[in-house]
Amino acid sequence: MSETYEQMWSELGLDLEAHDALLQVLGKGYQDIYMSQSGRAAGMEYFNFVMSEVHGLRVKELLDGKKEGRKVIGSFCVFVPEEIVRAADAVLVGLCTGADFAMEEVEKLLPRNTCSLIKSAFGFKLGKVCPYMESADLIVGENTCDGKKKAYETLDKLVPNLYVMDLPQTKSPEGRALLKAEYERFKKAVEKLTGVEIDGARLKRGIEIVNNKRKAVHRLAQLRKADPVPISGLDALLVNQVYFYDDPIRFTDSVNKICDELEERAATVNGAFPENTPRILLSGCPMAVPNWKLPWIVETSGAAIVGEESCVGERGTRNLTDASAATVDGLMDAIVDRHFLVDCAIFTPNPDRLNHVKEMKDAYGADGVIHYGLQFCQPYQMESIPVEADLENHGIPTLRIDTDYGMEDVEQLKTRVEAFIETLR
Amino acid sequence: MLAAGIDIGSRTIKLVVLDSDADRTVTFRKSETTYNPLDECLRILDGSRWDLLIATGYGRGLVQKRLGCGTITEIQAHALGAHKLFPEVRSVLDIGGQDTKAISLAEDGRVRKFEMNDRCAAGTGKFLEFMAAGFQMPVERFGSFALQGKEGLTINSMCTVFAESEATSLMAQGNDPAAIARALHVSVVKRSVSMLKRVSPNGLLVFSGGVARNRCIVELMKQEISSDLLVPEEPDMVGALGAALHAIGRSAAE
Chain A
1 MSETYEQMWS ELGLDLEAHD ALLQVLGKGY QDIYMSQSGR AAGMEYFNFV MSEVHGLRVK
61 ELLDGKKEGR KVIGSFCVFV PEEIVRAADA VLVGLCTGAD FAMEEVEKLL PRNTCSLIKS
121 AFGFKLGKVC PYMESADLIV GENTCDGKKK AYETLDKLVP NLYVMDLPQT KSPEGRALLK
181 AEYERFKKAV EKLTGVEIDG ARLKRGIEIV NNKRKAVHRL AQLRKADPVP ISGLDALLVN
241 QVYFYDDPIR FTDSVNKICD ELEERAATVN GAFPENTPRI LLSGCPMAVP NWKLPWIVET
301 SGAAIVGEES CVGERGTRNL TDASAATVDG LMDAIVDRHF LVDCAIFTPN PDRLNHVKEM
361 KDAYGADGVI HYGLQFCQPY QMESIPVEAD LENHGIPTLR IDTDYGMEDV EQLKTRVEAF
421 IETLR
Chain B
426 MLAAGIDIGS RTIKLVVLDS DADRTVTFRK SETTYNPLDE CLRILDGSRW DLLIATGYGR
486 GLVQKRLGCG TITEIQAHAL GAHKLFPEVR SVLDIGGQDT KAISLAEDGR VRKFEMNDRC
546 AAGTGKFLEF MAAGFQMPVE RFGSFALQGK EGLTINSMCT VFAESEATSL MAQGNDPAAI
606 ARALHVSVVK RSVSMLKRVS PNGLLVFSGG VARNRCIVEL MKQEISSDLL VPEEPDMVGA
666 LGAALHAIGR SAAE
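Heads up: the protein sequence lines correspond to chains A and B, in order.
Each residue of the first sequence is one higher than the one before, starting from 1 at the first, in the numbering used here.
Each residue of the second sequence is one higher than the one before, starting from 426 at the first, in the numbering used here.
Treat the hints as calculated values from the structure; they're not laboratory data.
Take the hints with a grain of salt, since some may be wrong.
Said to hold, decoys possible - Simulated pairs of lysine to any residue, SDA-like, Cα-Cα distance not exceeding 20 Å:
#1 Lys647/B <-> Ala604/B
#2 Lys490/B <-> Thr300/A
#3 Lys615/B <-> Arg638/B
#4 Lys551/B <-> Glu411/A
#5 Lys215/A <-> Leu178/A
#6 Lys204/A <-> Asn393/A
#7 Lys414/A <-> Lys490/B
#8 Lys551/B <-> Thr300/A
#9 Lys213/A <-> Arg202/A
#10 Lys414/A <-> Ser435/B
#11 Lys622/B <-> Pro397/A
#12 Lys414/A <-> Gly493/B
#13 Lys551/B <-> Glu408/A
#14 Lys622/B <-> Glu388/A
#15 Lys414/A <-> Arg638/B
#16 Lys150/A <-> Asp166/A
#17 Lys108/A <-> Val159/A
#18 Lys414/A <-> Gln523/B
#19 Lys213/A <-> Val342/A
#20 Lys257/A <-> Ala267/A
#21 Lys414/A <-> Cys494/B
#22 Lys490/B <-> Lys257/A
#23 Lys414/A <-> Cys545/B
#24 Lys509/B <-> Leu629/B
#25 Lys622/B <-> Lys215/A
#26 Lys213/A <-> Thr300/A
#27 Lys225/A <-> Pro397/A
#28 Lys188/A <-> Gly39/A
#29 Lys414/A <-> Lys615/B
Claimed, not checked - Stretch by stretch, here's where chain A covers chain B in the computed footprint (C-beta under 8 Å, at least three residues):
#30 494-500
#31 524-536
Claimed, not checked - Beta-carbon label-pair distances, calculated as ranges:
#32 Asn161/A <-> Ala597/B: 52 to 62 Å
#33 Ser625/B <-> Glu359/A: 23 to 33 Å
#34 Arg474/B <-> Pro274/A: 24 to 34 Å
No experiment lies behind these values; they were computed from the predicted model shown.
Ideal placement from N, C-alpha and C gives every residue a C-beta, glycine not left out.
Between the sequences and the hints, there should be enough to build the whole structure, so can you do that?
Structure follows, in structure tokens:
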């Protein structure tokens, strides 16, 4: 792949040598973690292809689109409303935040006790290895946690096109008003960037594209309720990760194809794991590509992951946007209402999230919950303690894991995860 | 049947073979893990017979790969072993060479909840060994030396490196070495107790793992916790015993 895209990468200003090293690590990780699984759906072949071309063909598509005037907007968070971006015929892509890179450089700009996800975004920028960030016409930072919002002040000095979106911290009428104002401001920024005036018909189309994508992952989630579960948690996580990169219509088709295949499989009781394999619900911080560490440990320790209560998972995709309003303002309200439901831990208080964890535990027939906290992610680590206490009060076995992107603690984590799974048998 | 349990810890390897029909222990061995744990495992297993072998401890995967045996985690192994020795046990504290585990058990001996230190070996056997070296004595003597020390000094840091520099400062101030050693023991106990509290223990506590051989740690632990504390005669063999017991259970289930 290197030779085919070398010119493209070098025109984007990537550090070819470092980028090559990254691709090698990524490729090997994918091989070891994904290709070693057995009984995968044939439809996952598409996702193998997407991953093998994640910095290649997909980036070329974006650049070809740019030549025809399709703007690229990069984002770090599910609060950036994709509907508005699609309405302007622009593309929204998730930026790379799932691996450690150029840490020595990063720690010159950020304190060591910053979470891996934020450090990773900086590492990809400073190491010049994220073609998405370099392709983006606009990079949207959003004021979620303190770590991110302060880091954007520093990121602003590294990139010429950062747009910062403010976000509410409470689910109050004032909070909703802030979100509405910020989405209106964002719509104007997208209109200015693309030169497209977003009317009702365009917004409806944007909503429809994104809703279809969400419906496809809902369908996949439904199938995971079966025992034996027809798809591994690793594969389902990958689908949820690719959600942020791929062309939405092609992605929707590909997920629906996998669902067709798995529906057939379910009829013949052909699972990704044997029947009665302990079932785990993951809950907590998002896992961006290629952060597969914890799911890999869980699924090589004798359990299957049946759901992700996460922004890369159900928290991010649970709700659809109502497209029934007749006016632009009505549709914008629907987009605000939809996103205002996201139960991110930056909100205080945040009771919906705990309720969703319990609902998902029941819906997917999980035997236990593993809470995943990224070290130094204050909002989720803070919530993990009351979440664990409440789940245990309800008789739900819970394991709290705090870790980062490093691999030094894999053996210890494996012991803890295995011991937890032993208690579920 | 002959049921064998091997516990490959970071410092020592332990083997227990039980004759389940005669209800007696036929093999009971321990050796250093060394830098080549697999060879040591093969050596300790040499000459033993078994119908089913279960491996536990951090090196369990190594033995599994070589001998194709089953594995359980040391958390389950210590719970099983402690429950066999003391059926009324409700919680287990296992302090080994590089890990500390606090386990709370249900009445039937099942693991209800556990806590374990993460990547750092603060407050484990390694910590004590490292500190004993600073006092130029073998770790086996460090506990009784510390017991002679007076109360009153405090080591605040849990980190091995920082704790050592704290100890060095205390030495430089002319404090009694035994009292400093005692303070280091107190810091291990404080850390373990806070881990224990997170699993809400009640009832009888069994203290297992190699560090339970340290008299000072045991004494201080008894002062710190409100529940009864028992130390098995061979505290570091509890994991291997648990693994052997699991082999009996697994064979019965098959």
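Quiz item: Hints broken by the structure, by number, lowest first?
Solution: Violated hints (numbers, rising): 5, 6, 8, 15, 22, 25, 26, 28, 29; every other hint is consistent with the structure.
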